[in-house]
Structures are given as structure tokens and as C-alpha cells.
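Modelling step: build the complete structure from the supplied sequences, incorporating the hints.
Protein chains in written order, with numbering that gives the first Met the number 0: chain B, 0 to 388; chain A, 0 to 648; chain X, 0 to 245.
FYI, nobody ran anything at the bench for these hints, they're computed from the structure. Heads up, some of the hints might be wrong.
What the hints assert, rightly or not - Distance windows between CB atoms, simulated:
1. L378(B) / P119(X): 48 to 58 Å
2. D68(X) / M531(A): 36 to 46 Å
3. A144(B) / Q289(A): 29 to 39 Å
Stated by the list, open to error - Calculated lysine to aspartate or glutamate pairs in the EDC-like style (CA-CA distance at most 20 Å, straight line):
4. K52(X) / E172(X)
5. K242(B) / D164(X)
6. K68(A) / E83(A)
7. K37(A) / E49(A)
8. K266(A) / E111(B)
9. K113(A) / E29(A)
10. K214(X) / E5(X)
11. K93(B) / D210(B)
12. K52(X) / E265(B)
13. K17(X) / D57(X)
14. K52(X) / D354(B)
15. K69(A) / D34(A)
16. K93(B) / D114(B)
17. K463(A) / D351(B)
18. K463(A) / D354(B)
19. K242(B) / E5(X)
20. K266(A) / E113(B)
21. K93(B) / E84(A)
22. K52(X) / D253(B)
23. K266(A) / D114(B)
24. K636(A) / E254(B)
25. K106(A) / D76(A)
26. K255(A) / E319(A)
27. K166(X) / E220(X)
28. K636(A) / D14(X)
29. K68(A) / D34(A)
30. K113(A) / D76(A)
31. K242(B) / D123(X)
32. K636(A) / E265(B)
33. K52(X) / E254(B)
34. K242(B) / E93(X)
35. K214(X) / E146(X)
36. K606(A) / E319(A)
37. K37(A) / E63(A)
38. K106(A) / D135(A)
39. K242(B) / D108(X)
Please read all numbers here as calculations on a predicted model, not as lab measurements. Every residue gets a Cβ at the ideal spot worked out from N, C-alpha and C, and that includes glycine.
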Amino acid sequence: MRKPLLLREPSVMIFISLLAAFTLIVTVLSEGFGLGLVSTSMIKILGKTLCLCLIAIAMDLVWGYCGILSLGHFAFFGLGGYMIGMWLMYERTKDIVLGSLAGGALPATPQEIEDAIGTQIFGVVGGSEIPAIWYFADSLAAQLALVVLVPGLLALVFGWLAFRSRVTGVYLSILTQAMTLALSLYLFQNDSGLRGNNGLSGLQNLPGLTDVPQSIVSVWFFLASALALGAGYLIAAYVVSGKFGNVIRAIRDDEARIRFMGYPVEAYKLVVFTLTAVIAAIAGALYYPQAGIVNPAEIAPIASIYLAVWVAIGGRGRLYGAVIGAALVSLLSSWFTGGQAPSIPLGIYTIDWVDWWQVLLGLGFVLVTLYAPNGIGGLVDRLVRKDAS
Amino acid sequence: MLRTVYLILALSLLLVPARAQDSDLNALIETHRSDIEKPSRRTIGPVLDELVASGLPGVAVFLEHWREKKLWQRKSDGRFFFIEERDDGSIGLVDVDSGAEMGAAAKDGITNLKPNSGVRSMIASALVQFQLSDPDPQRRAQALTALERDPDASHLGVLRAAIDNETDPGLRARKERLQRSLTIQFGSDPATRVAAIESFAGDAGVDARAAINPLLATRVEVFDVIPDDLNIARVLEPGDDIAAEAAYQLLVEAGKARPIVALDARKQALIANLDDGAVGGVPVAELDTQAARDRAYQALAGAGAVPPLVTEAEQRAALEGHVFAEVYLEPDATLTAAARATLSDISSTVGFYRFIDLVLDGLSLASIYFLAAIGLAITFGVMGVINMAHGEFIMIGAYTGYVVQQVIPDYTTSILVALPLAFAVAFMAGVALERLVIRHLAHRPLETLLATFGISIALQQIAKNIFGTQARPLTAPSWLDGAWVINDVVSISHIRIAIFVLALIFLGLLLFILNRTRLGLEVRAVTQNPRMASSMGINPDRINMLTFGLGSGIAGIAGVAIGLFAKVTSELGSGYIVQSFMTVVVGGVGNIWGTLAGAGMIGSLQKLIEFFNPSNTLAAQTYMIIFIIIFIQFRPKGIIALKGRAAGD
Amino acid sequence: MSALLEVNSVSVAFDGFKAINDLSFEIGGQELRAVIGPNGAGKTTFMDIVTGKTRPDDGRILFGEPMMDLLRLSESQIARAGIGRKFQRPTVFETQSVRDNLMMALAGDRSPLAVLRYRPSGGDGERIAALAEEIGLSDQLGRVAGELSHGQKQWLEIGMLLAQDPKLLLVDEPAAGMTLGEREHTTDLLRAAAQTRAVIVVEHDMEFVRRLDCKVTVLHEGSVLAEGTLDHVTANSDVIDVYLGR
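What follows is the structure, encoded as C-alpha cells:
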């Protein structure tokens, strides 16, 4: 009889315990729920980081385990954000519109309400009609379903096309990058129906819960993100631990061989690609309400490459590696670019980290690729193995 | 002939001493003194006509001075003079006719005549006939340009008169062309107008269309029955050719139907008739649907408080009872028929030229993509390596060009220096990248892709730190300014021609290197079978390094070329990188012809999509990428694929 | 006895070079067959065509009971239909344990969702143990496959093929790089396998072919030159010409 997953893989147990402890401590120390030692903005940063860790797990699954270097998973992340953003923005605008129409001499008709919402939301791109793609924006349940369905379907269709034509390796990477670019360029248009380069904004406000202060809302989202990360980690660990995991690793290592063993490689890739796209979308749907705004720039191809960088630095082929990489690099990144890092005076020139962080990151990443191909996770593995022997 | 006359007149003016008595011109303007003093657009016409008709030699000079506000009037007797400022600061009066000195004047004794712009333009058009026959060809050309810009019925005769004496063939052609287009607009005889219209058949000039199009202007009218005496363009079917609302509005404007009370007006009417929490018997709280509001409004209308609604049936009946038609403003049907036939002929010619223009545009975009992608294709083909920093090598080339221009101010020299220097700098950067990074990641293409991405973000940021975020200019030498204009539809800028030539040069150069040199032989050997090549004494490391350097160097050159028409920023290269990848993927790896085919396809495709959707280049790019993804389905190995067993692995 | 695999006048060309030229071939349900031929005779391409890696320009390939058209199937479908292939270079999954390698190869539903729900049953464990016994890797089950010796990898790969339980086994140069003892073991494995299924061995090494003691097919320039016992074909003058270049 096989042992349950948590006991079979010690790293899963350790990770879940650490995540639970971290979540508990941060909540206790938070401004909204506890001692007030962790500020609301910090909670938001931590909550967003948890979401980035979740998409990093998806990336690790698709790249580290299945060998598909997707440069498009941030597209799914962004789409998830857009889908939930549509509901948030629509409902909040509706609240505002109803408030302002309430003062009129006659009660507003549905048409008047819709016109007012349309003008509010789309005035910025010179429109007033609510596009057809917003048909479900009034329903939270529908938009939540779309968070999963839209990116999932996109991944399914794109993956089916790409995998069935046996596009692999760097070709596939470039094709995924092209898909991302196409999507972001499309969203940049004003008539995309999603407010062009303005994106969707004001997402930090929960419709109908305007009296709840941000300090509380931020903790809710933090907790939700932690829960999603834990669940995502467990799902990913389940997927990679059994025979399925063996098969996708085999696909990564020698696709032709496993195909001659009778495995429909394309179907496996499609399952992994779509599953990870959905995980990425859920991460995005939790991330953007904490960020407050989602716009096409978020989907730019470079974001997806950064995702690959995080996973590579953290150590791919290990789920905790992806989490370490995403958390470390994104937190360091905001520390350096936020101007908190001390400048280094060199006499004639002062290294200001706001300007030089990218250089450090880029070169550091090259060094990791050259000298530590297994990333930080690889170092952890080596330490653990030394202890064991 | 006329010129000789002018010459004689001018000479005579110089020779003949100033006459004491008033000349004919002075007498003539004296008779119109009050109109000249206070000219208005309405009154000045006959005066100008009379002046021109007099045929007096000084008229042209007089009109020119007048138009340019150089005509003065002596307050004491109201006589008109030109003036000249003397060396001692005093003002001398000059006779308008003879040009003779007429003595000094005090500043406060004379007034400057400043006709308003409307009058000035009328003077100018009166002057046209003089200018059209001016001895100086440049002035004739200017006059023609002025005429083309602001034509007038009165010019037609003048223009016709000025054609015969024109000696310059270019100007003569222009005059004749203008004469024809003026005939279309202002000709009196329908037959000559039709002939003039038809003479433009197949002519791609904008002026031809501008002359003919006004003839086809229409207005929409509503009739009970269409009268026979109107030149009808077409009958409009409400709902199909014209929106039903707009058609009904026409009926309302023509007084043939009752106006519809607008939604908002109805709402205001309801508010105005609020009575004790209800309108027309409907409680206010229930008025939150349009149906309820309509009910309330109809109740009000029933009581006579508001005008009744126009029902849909009533609207339909009104529309059915009338005929809507587009009517030509031009009453003569033969003219409009000729205009329509000629325009459709023109539009097929224009369509042909548009296609040519599209091909040229596509070609020029293709050569840019080719330059940007060929380096990538070479390194990808030989080493199986995707260099994400390729775009940054393009950027390095562009900044090299910029720096060279800071040192060498002469644009021509600096471009000639910048091209090889950009190649050298990018070559060295490429060799460094190959030796320091890529060599150590052999056979790990995905890692190479990511490592070069690290290089790419580092290089981009370094460029930003050195050159700042604002765009730096890379100025083209003046001989590259301007464009090669074939006609009003087809034109291509010199820079794009230069880039096309540059792409051709590099195509030839690379074909030569790969097919005719030892290096090329070794490169091809390594591409096809690295293990076999190295066992034959070819050092693959050296080949890889040189190939990478070559690919990067060409990217540097592409950077200079792109910098000439785009702003040089640290993001210059990343804007081209995805297109370059696409070019390589679509074309097929490891083959120069493949890259050429890929660049050609992507360039022309992008222009083609932009042609169908010109307002939206973003959408064009989106569609193009989707097309490429679908294309890959059918040719996963690109347009020109390596075949055989070796290609499968 | 009817044939398990029927190849009917198949041809394929790469850039004008005819790698396989009007080749016809047949093998029965329980038969061991050696395919020999000089370099470039089309041996590997023949295997590529049967396993679906290369599509022929011409001809028909029928397989199984009842006969089905292999040209309609993808590589993985052909494998599931019962054709296993062992490549020249040993290709096992080096980062995974011997047990995992065998488990992946075990016959069973290969669709992603079924595999995702898969739980190893007692029967599977026994089958893996039996296979490991057969290929002599019983005490290596927990090891990572990458650490095995060259010969052990070859056996593991044969074991994986047996685990697939194919009706037809294609083996490409199994003896290459093996010690004498390992060769003997390999010969035994293949002959045992041929008791219950068809096995086609492509081999260069005449000594090894002799050891197999089976019918031999000689390929030359993409078609069958001779067929029969080894002694019979080595006596054939055409074969001597080809091999000795006379």
C-alpha cells in the first residue's frame, strides 16, 4: 500500500508546514487582524509574492518537469487577472452609478444604468457601449468560471496546434512568445473591449464591501493566496510524484523514446500545458486584485521570460525550487528597484541600485545558468544529501 | 512674343524720363481712387477687371505692390505712390507708373494701404495672368502652383491664353493639365467638359480625382414621386441604403412627418408632469423600466399634456409612402455619367499603383527584417542557438552610429565610418558572448536561450545607464532625405531604398562567404554534421566563434540602418527581436534563402494586413502572429526546410 | 501460419536518394529473424518505416490479427498496437530508477488521465520483479538508470520492451559494445522472447547472428537481396559480391 503524498515526499510536508507557519505569523502580525507590526502595503507585497510563487510552480511543472520552455505563461496569468478584473470593475462601477443615479427624479431604467456604466468604464477609450465580452461581468460565478475557462481554452487550442505539429525546443519557446506578444498587442488596442493600454483599474476595492478597510481586505487576499499556493503545491506534487510524473520527465528527457513506448506524447504535453495555464490564471486572478490594476504591459513577453528566470534561479525540476526562486527574486527586485538598497559610492561614480539592479540580475542569472544549473534548489539538494550520507 | 513686348516696355520705362503729366495708369487708378483706398472683396472685382483689361504696362507692378502692402497714398492730394527709403532716413516717393522719383515725403504725410487678405487674394488672382507669362520660368511655376491650390473660373481663359507661348515643356504640360481640370470645373460647354473629364481616364494624379469628384457630390432628398428632371444618382431603400431613423428624420425636416420625441425629452416631460408621486397614473417607484415610462407618457399624451408618441407603425407607413434618393448636385447627366466612368477607370489604375506601392512597402519592410534576422538565422542554423541578446546587438550598432556622429559631424562620412565600426563593435561583443557564455552551454539550447536573455536585460540596462532613456537621433545624410516619387500613389523614401540595397549587398556577401570561401565551407560542414567536421580537422569552436561574431556584426549593421529611420533607444532591438525570430522560424533554419523567404513573407504579409486595416497596426501584428502560428502547422520546419534523415533529429 | 507483419513494395526517398526501394518483407507470429546488410542498405530506415517515424512514399504495411494498415497510425498508436523498438544506442531514462523505467513500460492504458489516476497494483509489482529477474537486474531496481553499465542499460531496455508485451520486437544492433558474456545473455533473452512473439534483429556482427541461429534477410540498396539460413545466404554469390565488394 502506498503512503499518502504528504508522508511519501518529505519536501511536501516541510513546505506545507512552513507555508502554514508563515501565513499564521504574518496574519497575527498584520495591521488588519493582529498586532499591526506588518503594514498593509507589506501584506499586499507578500500576498502578491505568494501568487508569483504559484505561477512559478506552474512554470516548473511545464518546464522543469515536462521540458516545455513556455514563454507564455504570464499571458494566462494576465488573462486570469482580466477575467476577475472585469467583475470587480463592473460591479464597483455599477455601485457608483447606482449611487449617483439614485438622486434623479425618476428611478433609473436598466438601459440608463447600463449606459452610465458603459460611459464610466469605456469613456477613457472613447466608447460608451459595453462590449459583448462583458456579458457575464455582472455575475461573480460566471467570471470566476471564465478565469479558468478562457486561459484554459486558449492554452488548449494553442497547445493542440503547437504540439500536433511537433514543434519542440526553442521553436516552441518562440511560438509561445509569439502568442504572448499577439495577445498583449491585441489588448493594447483601444477597441479590444478591455480598455486598451489603460487596462482594468481600481481592482483593490471589493464591490459591496466598501466599508471594509484595505487593511482587512489585504489580509483576506493574503490568506486566499496562501491557500491557493498550498493547494497548487499539493496538486503539482501529486501530479509529479506518480507514474504521470515519470512519464512527463521521460518526455522531457527523450520524447521520441517514450513515444515509441506507446505514450501519446502530445496528449500529455497538452494536459500539462493546459493544467499549468489554469494554475497560472488562478494565480493571476488572486494577484491583480492585490495589485489594483491589470494592463497589457503585464502580459508583455518579457514578463514570461522573467518567470523562467525565477524558476531557473530557484532550481527547476523541484517544486520548492520554483517557490524559492520566485519569492527571492521578486522580493529582491522590489527591494532594489524601490530604492531601499544602499547605493555604493565608488569615488567617481556611485552605483545606484535602481539603475544597476537589472544589470546585476541579468549577469547573476547568466552565472547561475553557467555554474549552478540546478539553481538554489540544487544547493539545497546537495546539503540534504550530505546530511543523509 | 509677349516676352519681347515686356522687354521693350521695361526698357522704355528706364529710358523715358519722368513725364510731368499723368500717365494713363495714374489716370485710371485716379478714377477708382475711393475703391482702392477702401477696397472690399465685393467692390474690388470690377476695378481689377478694368485695370487688367486696360492692358497698360505698369498694371502688374502696381498690383504686386498693392498686394504686398507697399502702396502708399499721399494725404494731401490722395495720389498713390510707391516709396523708397533713402540713405539719410527720409522717404522718397516713386511714381507707380514710370518708377520715377517724385520727391521726398514726410512720414506723417502718407498712409500705407493695407488691403485685407480677401482683397489681397483677389489681387493675386488678377495678377495670375501676368505671372503665367512672366519671363522667369520659376515665377511661372509659382503662379501655376498658386493656381492649382486656389483655382477660379476666371482663370480658365487666362490659362488657355498662356499655354501657346509656353516654351518650357514641363511647364507647358502642367499648364495643359491644369487647363483640363479647370475645364472640368468651370467649362461652359458640356461637350468640352466631358472631353476634359475623359482625358483623365487612367490618370493616377490626385488633382485629377480632386477635379472630377466634386461633380459626383450628392445630397439625399425625399420625394413623394421622383421627378423626371433631376439627375438621380440612386434610389435609397430605408433600412438598407439609409438608416430608417435617418430617413425618418429627413421626412421630419421636409415637414412630411411628425417629429419623434427623443427618449431624453420624454423623460424630461415625465419629470415636468410629476404629480403627487405619480405620472399619468403610474407611481414614480414603478418608472424603472422603459415600458412603464412609455405607459406613463402615453397616459400624459392621452390627456393632451404632451405631444403623442410616434408609433413604429406610423414611422413605417411614413417611410413607405415616400421615396428617398441621392441626387447629384450637378444637373447634367452626361457630365456625371462621364465622371463616374472616368473615376472607375481611374480607380482601377490607382488600384494597380496601390498594389505596386504595397509591394514596394513590403519589400522595404522585408529588407529590414532580413537585415535584422539574418544574423540570428546564421547562428541558429550553425549552432542551434537562439540568441535572445541579438536585439541588443542591433541596439549596440545603432548607438555606435550615434556616437560616431557625435565625433564626426559630417553625416555622410559618419555613416560610412559607422557601418564598419558598428560591425566591428558588434562582432567583438558577439565573440565575447560566445567565448564567455555560449560555449559553456553547448547542447543545452534552452539554457542558452535563457542565459542570453540575462545578457540582453543587462545590456539594455547598461545602455540606459549610459545614454539615458530619451531617444538619441541618428541623422541620415541629406542625400538620403526625400523620396523617389513615381506618381501621386507610388513613392518610396531614399532611406528605404538604401536599406534595400544594403540588404541585397549582405545577401550577396553572405552567399559569397558561405558558398565560395574556406570559412563558408567549414561553416556548412559544422552545420550539417559537427562531429564529422571536427574529425576532419575543422575546429568547431573556432567556426562557432566566427559565425557568432559574423551574425552579431550584421546585427550591428542592421542597427545603424534601423537607427536612420527609427529613434535610437535602449529598446530599439527588442522591438525587432520577435519579428526576427518569426522570420527565422517561418523561413526555415540554416539557410540564407529561407531567411530571405521568411523576411519577404512576413514583411509583405504585415503590409498587406495593414493595407486592409490601415488604422490599426497593433491589430495587424496580432493577426500576423496568429497567421504564423497557423502557418507553422503546415510547415513546421519553415518554408525552406532541410530534408532527409539528418533533419529529423 | 499467416504473417504478423507484411511489408508490400515500400519505397522512400530522401532528396532523390532511394533509401528503400520496392522492399517487401514478411514475418510470422513467433519467429526470430536477423536482418543484415552493409552500411546504407536501409536497415534503420526500414525500422523507421515500420515504427511510423518515417512515412514511405509508396507501398503498404499491414500488421496484426486482424491485419491493420500501419500507415494510418501515429508512432504511439503503432507502439500500442504491439510493435516495440529498441534503438541502437541504449535509451533508457537515465534520471529515473530502474523500477520506474520498467513501470512506465508495463502494458496498460497509456492515456494521460488513466496514468494520472494510476496506482501500482500487486500484480504490477510482481511483473516488474519477474522482468528484473529475467534481465538480471533484480538487485538494481532502486538504482538510477544512468548509473548502470552499458550492458545493463541494454538489458534494461530489452526488459522495458518485454514489459510492453509487444507482438513484434524490433531490435537495432543489440550486441554493439557488449562483452562476450553480455552477448550470450542478450542472445538468450532474444531467443526466449521469440518463443512468444516475433523478433527482428538488425545486426552487423555475423558472429552474433550465427549465435541467434535463425532465418536471415539480407538487405542491399533498399531491397531484399537474399533470404534463408545464414549458411544459405553466405553462400549466395550476390551477397558475397556485396559484402566483399567484388
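A quick look at each hint next to the structure:
Range check, L378(B) to P119(X): Cβ separation about 33 Å, and the 48 to 58 Å hint is violated. In this structure, D68(X) and M531(A) meet the distance hint of 36 to 46 Å, their C-beta atoms being roughly 38 Å apart. The hint said 29 to 39 Å for the Cβ distance between A144(B) and Q289(A), and at roughly 31 Å that hint holds. Taken as a hint, the K52(X) and E172(X) pair is honoured in the structure, with Cα atoms around 18 Å apart against an allowance of 20 Å.
Using a Cα cut-off of 20 Å, the hinted pair K242(B) and D164(X) holds, with the two alpha carbons roughly 18 Å apart. In summary, the hint linking K68(A) to E83(A) is supported, as the alpha carbons are separated by about 13 Å, within the 20 Å threshold. Annotation: proposed proximity of K37(A) to E49(A) holds, straight-line Cα distance about 17 Å (limit 20 Å). A C-alpha spacing of about 11 Å is found between K266(A) and E111(B), which places the hinted pair at or below 20 Å, so the restraint holds.
Distance restraint check for K113(A) and E29(A): the Cα-Cα separation of roughly 18 Å lies within the 20 Å cut-off, and the hinted pair is therefore satisfied. For the hint pairing K214(X) with E5(X), the CA-to-CA distance comes to about 16 Å; that is within 20 Å, so the pair holds. A hinted pair counts as satisfied when its Cα atoms are at most 20 Å apart, and K93(B) with D210(B) qualifies at roughly 16 Å. For the suggested pair K52(X) and E265(B), the alpha carbons sit about 15 Å apart, so the restraint of at most 20 Å is met.
Proximity of K17(X) to D57(X) is assessed by CA-CA distance (about 12 Å); at most 20 Å being required, the pair is judged to hold. Restraint check for K52(X) and D354(B): not satisfied, since their Cα atoms lie roughly 52 Å apart, outside the 20 Å limit. Simply put, K69(A) and D34(A) have alpha-carbon atoms about 17 Å apart, close enough for the 20 Å limit, and the pair holds. Note on K93(B) and D114(B): the hinted pairing holds, with a Cα-Cα distance of about 11 Å set against a maximum of 20 Å.
With a C-alpha separation of about 13 Å, the suggested pair K463(A) and D351(B) falls inside the 20 Å cut-off, and the hint holds. For a cut-off of 20 Å, the pair hint linking K463(A) to D354(B) stands: about 8 Å separates their Cα positions. In summary, the hint linking K242(B) to E5(X) is not supported, as the alpha carbons are separated by about 35 Å, beyond the 20 Å threshold. Of the pairs offered as hints, the one joining K266(A) and E113(B) holds, with about 17 Å between alpha carbons and a cut-off of 20 Å not exceeded.
Proposed proximity of K93(B) and E84(A) is contradicted: the alpha carbons are some 75 Å apart, above 20 Å. Between K52(X) and D253(B) the alpha-carbon distance is near 15 Å, which keeps this suggested pair within the 20 Å criterion. Straight-line distance between C-alpha atoms of K266(A) and D114(B) comes to about 15 Å, which keeps the hinted pair within the 20 Å bound. The suggested pairing of K636(A) with E254(B) holds, with an alpha-carbon distance near 18 Å, which does not exceed 20 Å.
Between K106(A) and D76(A), the direct Cα distance comes to roughly 15 Å. Compliance with the 20 Å bound is thereby established for this hinted pair. At most 20 Å may separate the alpha-carbon atoms for a hinted pair to count; K255(A) and E319(A) meet this at roughly 12 Å. Annotation: proposed proximity of K166(X) to E220(X) is violated, straight-line Cα distance about 28 Å (limit 20 Å). A C-alpha spacing of about 16 Å is found between K636(A) and D14(X), which places the hinted pair at or below 20 Å, so the restraint holds.
Proposed proximity of K68(A) and D34(A) is supported: the alpha carbons are some 16 Å apart, at most 20 Å. Of the pairs offered as hints, the one joining K113(A) and D76(A) holds, with about 19 Å between alpha carbons and a cut-off of 20 Å not exceeded. Between K242(B) and D123(X) the alpha-carbon distance is near 12 Å, which keeps this suggested pair within the 20 Å criterion. Between K636(A) and E265(B) the CA atoms are separated by roughly 18 Å; this keeps the pair inside 20 Å, and the hint holds.
Restraint check for K52(X) and E254(B): satisfied, since their Cα atoms lie roughly 13 Å apart, inside the 20 Å limit. Between K242(B) and E93(X), the direct Cα distance comes to roughly 16 Å. Compliance with the 20 Å bound is thereby established for this hinted pair. At roughly 36 Å between alpha-carbon atoms, K214(X) and E146(X) are farther apart than 20 Å, so this suggested pair is violated. Proposed proximity of K606(A) and E319(A) is contradicted: the alpha carbons are some 46 Å apart, above 20 Å.
For the hint pairing K37(A) with E63(A), the CA-to-CA distance comes to about 17 Å; that is within 20 Å, so the pair holds. For the proposed pair K106(A) and D135(A), the alpha carbon gap of about 35 Å is over 20 Å, so the pair is violated. For the hint linking K242(B) to D108(X), the alpha-carbon distance of about 12 Å falls within 20 Å, and the restraint holds.
Going through the hint list in order, the structure does not satisfy hints 1, 14, 19, 21, 27, 35, 36, 38.
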